[in-house]
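Novice: So the chains spell out like this:
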Amino acid sequence: MNLAKVVGTVVATQKEASLEGLKFLILQKVDLDGTPAGGSLVAVDAVDAGVGEIVLFATGSSGRQTVRTDKRPCDAVVMAIVDSWEVAGEVKYKKGTDD
Amino acid sequence: MNLAKVVGTVVATQKEASLEGLKFLILQKVDLDGTPAGGSLVAVDAVDAGVGEIVLFATGSSGRQTVRTDKRPCDAVVMAIVDSWEVAGEVKYKKGTDD
Amino acid sequence: MNLAKVVGTVVATQKEASLEGLKFLILQKVDLDGTPAGGSLVAVDAVDAGVGEIVLFATGSSGRQTVRTDKRPCDAVVMAIVDSWEVAGEVKYKKGTDD
Amino acid sequence: MNLAKVVGTVVATQKEASLEGLKFLILQKVDLDGTPAGGSLVAVDAVDAGVGEIVLFATGSSGRQTVRTDKRPCDAVVMAIVDSWEVAGEVKYKKGTDD
Amino acid sequence: MNLAKVVGTVVATQKEASLEGLKFLILQKVDLDGTPAGGSLVAVDAVDAGVGEIVLFATGSSGRQTVRTDKRPCDAVVMAIVDSWEVAGEVKYKKGTDD
Numbered sequence: 001m002n003l004a005k006v007v008g009t010v011v012a013t014q015k016e017a018s019l020e021g022l023k024f025l026i027l028q029k030v031d032l033d034g035t036p037a038g039g040s041l042v043a044v045d046a047v048d049a050g051v052g053e054i055v056l057f058a059t060g061s062s063g064r065q066t067v068r069t070d071k072r073p074c075d076a077v078v079m080a081i082v083d084s085w086e087v088a089g090e091v092k093y094k095k096g097t098d099d
Numbered sequence: 100m101n102l103a104k105v106v107g108t109v110v111a112t113q114k115e116a117s118l119e120g121l122k123f124l125i126l127q128k129v130d131l132d133g134t135p136a137g138g139s140l141v142a143v144d145a146v147d148a149g150v151g152e153i154v155l156f157a158t159g160s161s162g163r164q165t166v167r168t169d170k171r172p173c174d175a176v177v178m179a180i181v182d183s184w185e186v187a188g189e190v191k192y193k194k195g196t197d198d
Numbered sequence: 199m200n201l202a203k204v205v206g207t208v209v210a211t212q213k214e215a216s217l218e219g220l221k222f223l224i225l226q227k228v229d230l231d232g233t234p235a236g237g238s239l240v241a242v243d244a245v246d247a248g249v250g251e252i253v254l255f256a257t258g259s260s261g262r263q264t265v266r267t268d269k270r271p272c273d274a275v276v277m278a279i280v281d282s283w284e285v286a287g288e289v290k291y292k293k294g295t296d297d
Numbered sequence: 298m299n300l301a302k303v304v305g306t307v308v309a310t311q312k313e314a315s316l317e318g319l320k321f322l323i324l325q326k327v328d329l330d331g332t333p334a335g336g337s338l339v340a341v342d343a344v345d346a347g348v349g350e351i352v353l354f355a356t357g358s359s360g361r362q363t364v365r366t367d368k369r370p371c372d373a374v375v376m377a378i379v380d381s382w383e384v385a386g387e388v389k390y391k392k393g394t395d396d
Numbered sequence: 397m398n399l400a401k402v403v404g405t406v407v408a409t410q411k412e413a414s415l416e417g418l419k420f421l422i423l424q425k426v427d428l429d430g431t432p433a434g435g436s437l438v439a440v441d442a443v444d445a446g447v448g449e450i451v452l453f454a455t456g457s458s459g460r461q462t463v464r465t466d467k468r469p470c471d472a473v474v475m476a477i478v479d480s481w482e483v484a485g486e487v488k489y490k491k492g493t494d495d
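Chains as they are written, first to last, in the numbering used here: chain C, 1 to 99; chain F, 100 to 198; chain W, 199 to 297; chain V, 298 to 396; chain L, 397 to 495.
There may be inaccurate statements among the hints.
Unchecked claim - To give a feel for the contact side, a few chain L residues facing chain W, derived at Cβ under 10 Å:
| no. | residue |
| --- | --- |
| 1 | Leu399 |
| 2 | Ala413 |
| 3 | Ser414 |
| 4 | Glu416 |
| 5 | Thr431 |
| 6 | Ala445 |
| 7 | Gly448 |
| 8 | Val451 |
| 9 | Phe453 |
| 10 | Arg460 |
| 11 | Thr462 |
| 12 | Val463 |
| 13 | Arg464 |
| 14 | Met475 |
| 15 | Ile477 |
| 16 | Val478 |
Hints listed in this document are in silico derivations from the structure and should not be mistaken for laboratory results. C-beta: ideal position from N, C-alpha, C; glycine also.
Please model the entire structure based on the sequences and the hints provided.
Specialist: Listed below in structure tokens is the structure:
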């Protein structure tokens, strides 16, 4: 999994039928300081994440191991909203504080 | 998933039998401004996408989770045609407008 | 999938038993002009491709979705021999013409 | 698999239900000298690894082949704690010695 | 698949139970001239490869398609020991000759 910030959304009407009703989020990867780094991707939302939130996403076949994405042509899923993380005992990110 | 522009097609007569009838599209990846960035690949079309359209594609085993690609040796599929996307509340792409 | 040129072969006698009889091809990836670009890899041949031919290959679990590679420890397969491709309406490669 | 050092942890309350009770570790990849190199990722802990330990992690669908991660949306798992490794007959890392 | 040289081994006592008895090899990738290039990784040995040998390895779920690695959290496997390879009709590597 990797850390990312939800920065946007994609609208696509004409799509594989099994994708109906899913929400496509644009993710900007962030490094361990929470700074944007490493490119963007599109992931399906499994946890009602909103724009601006820091999330964890899983890729590949693991992107289909959620109730919403099972058996869908989906190779990336937001499967958790991050509360906080720490590195070497130091809190590097905490939701709700300025970052 | 990632955003890409359909830029071409590949013809291949001699191929694994299960691929018969599928259409191979050449995709040029685009960044969040819709600008070509990050290389090209070949994907099977699951949604009747045409050259010039902006699409979403899925890779890996997720590339086989469509009606057309199920159980085929296909590691990338166009599974949606993009209408629009926005980043930080700003529309970055809208189909049918100059871009 | 990606475009590549078959540039060689690998011989390996001591191997997992299920790989017996398969042919290992060395592939040099090519860009949309047919020019070598992006490194090489080894793939199993599913379509009787020969050295010098331009092919499509699939990777990951999709590399096992052919009759020859099913359930084998094979993560890349040549699943089509390319006749031609075009980009933006221009033919960039056609088999049998000088390139 | 790759070698990495466990450098931190991630807390995420709102997540796919199947992830309940799993521990998310932040891994910093290391090279064959044990030096940080090559970026970080988040992996689920399958072996009670602690911060500061050198571990092996597996990615992709192989990240789900442990008792704790089976069928979860998890694309990376710590599946072993490293005691030592050697390259060309020389011990490059041994747990419990200064490194 | 890719070509690599076996350069070392990893010892890990505390690990997922299904990995008991498997041998972890450190692989240094090599290019088509047999020269080290492109980083290292850890793979499970399926064919009794020894340090110093040139091998083929498969990654991802294909890393689990051997008798020894089936259903294990293993994302890379050495599935063949290379005897020789040639590129454009020229032998680039032959086991047992100086290289």
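Novice: Using the nearest Cβ pair, does Glu416 of chain L come within less than 10 Å of chain W?
Specialist: Hint on Glu416 of chain L: violated, closest Cβ of chain W at ~20 Å, above 10 Å.
Novice: Can Thr462 of chain L be said to touch chain W, with a Cβ gap under 10 Å?
Specialist: holds (5 Å)
Novice: Is the interface hint satisfied for Met475 of chain L? The criterion is a beta-carbon contact with chain W at less than 10 Å.
Specialist: Hint holds; Met475 of chain L Cβ to chain W Cβ min 4 Å, cut 10 Å.
Novice: For the restraint on Gly448 of chain L, tell me whether the closest CB of chain W is nearer than 10 Å.
Specialist: Violated - the Cβ of Gly448 of chain L stays beyond 10 Å from chain W, reaching only about 14 Å at its closest.
Novice: Hint check: is the beta carbon of Phe453 of chain L less than 10 Å from a beta carbon of chain W?
Specialist: Status holds, d = 9 Å.
Novice: Double-check Val478 of chain L for me: the hint is only fine if its C-beta lies closer than 10 Å to a C-beta in chain W.
Specialist: holds (5 Å)
Novice: Was the hint right that Arg464 of chain L lines chain W, CB cutoff 10 Å?
Specialist: For Arg464 of chain L, the interface hint holds, since the closest Cβ of chain W sits about 9 Å away, which is under 10 Å.
Novice: So, Arg460 of chain L near chain W? Judge it on the closest CB pair being under 10 Å.
Specialist: Holds, about 8 Å.
Novice: Against chain W, with CB atoms and a cut of 10 Å, does the hint on Ala445 of chain L hold up?
Specialist: Holds: closest Cβ of chain W sits about 8 Å from Ala445 of chain L, inside 10 Å.
Novice: Let me know if the C-beta of Leu399 of chain L comes in closer than 10 Å to any C-beta of chain W, holds or violated.
Specialist: holds (7 Å)
Novice: Are Val463 of chain L and chain W close enough, Cβ to Cβ, to be under 10 Å, as the hint says?
Specialist: With a closest approach of 7 Å, the Val463 of chain L hint holds.
Novice: Classify the hint on Ala413 of chain L as holds or violated, based on whether any CB of chain W lies nearer than 10 Å to its CB.
Specialist: Because about 22 Å separates Ala413 of chain L from the closest Cβ in chain W, which is outside the 10 Å limit, the hint is violated.
Going down the numbered hints, you'll see the structure goes against 2, 3, 4, 5 and 7, while the others check out.
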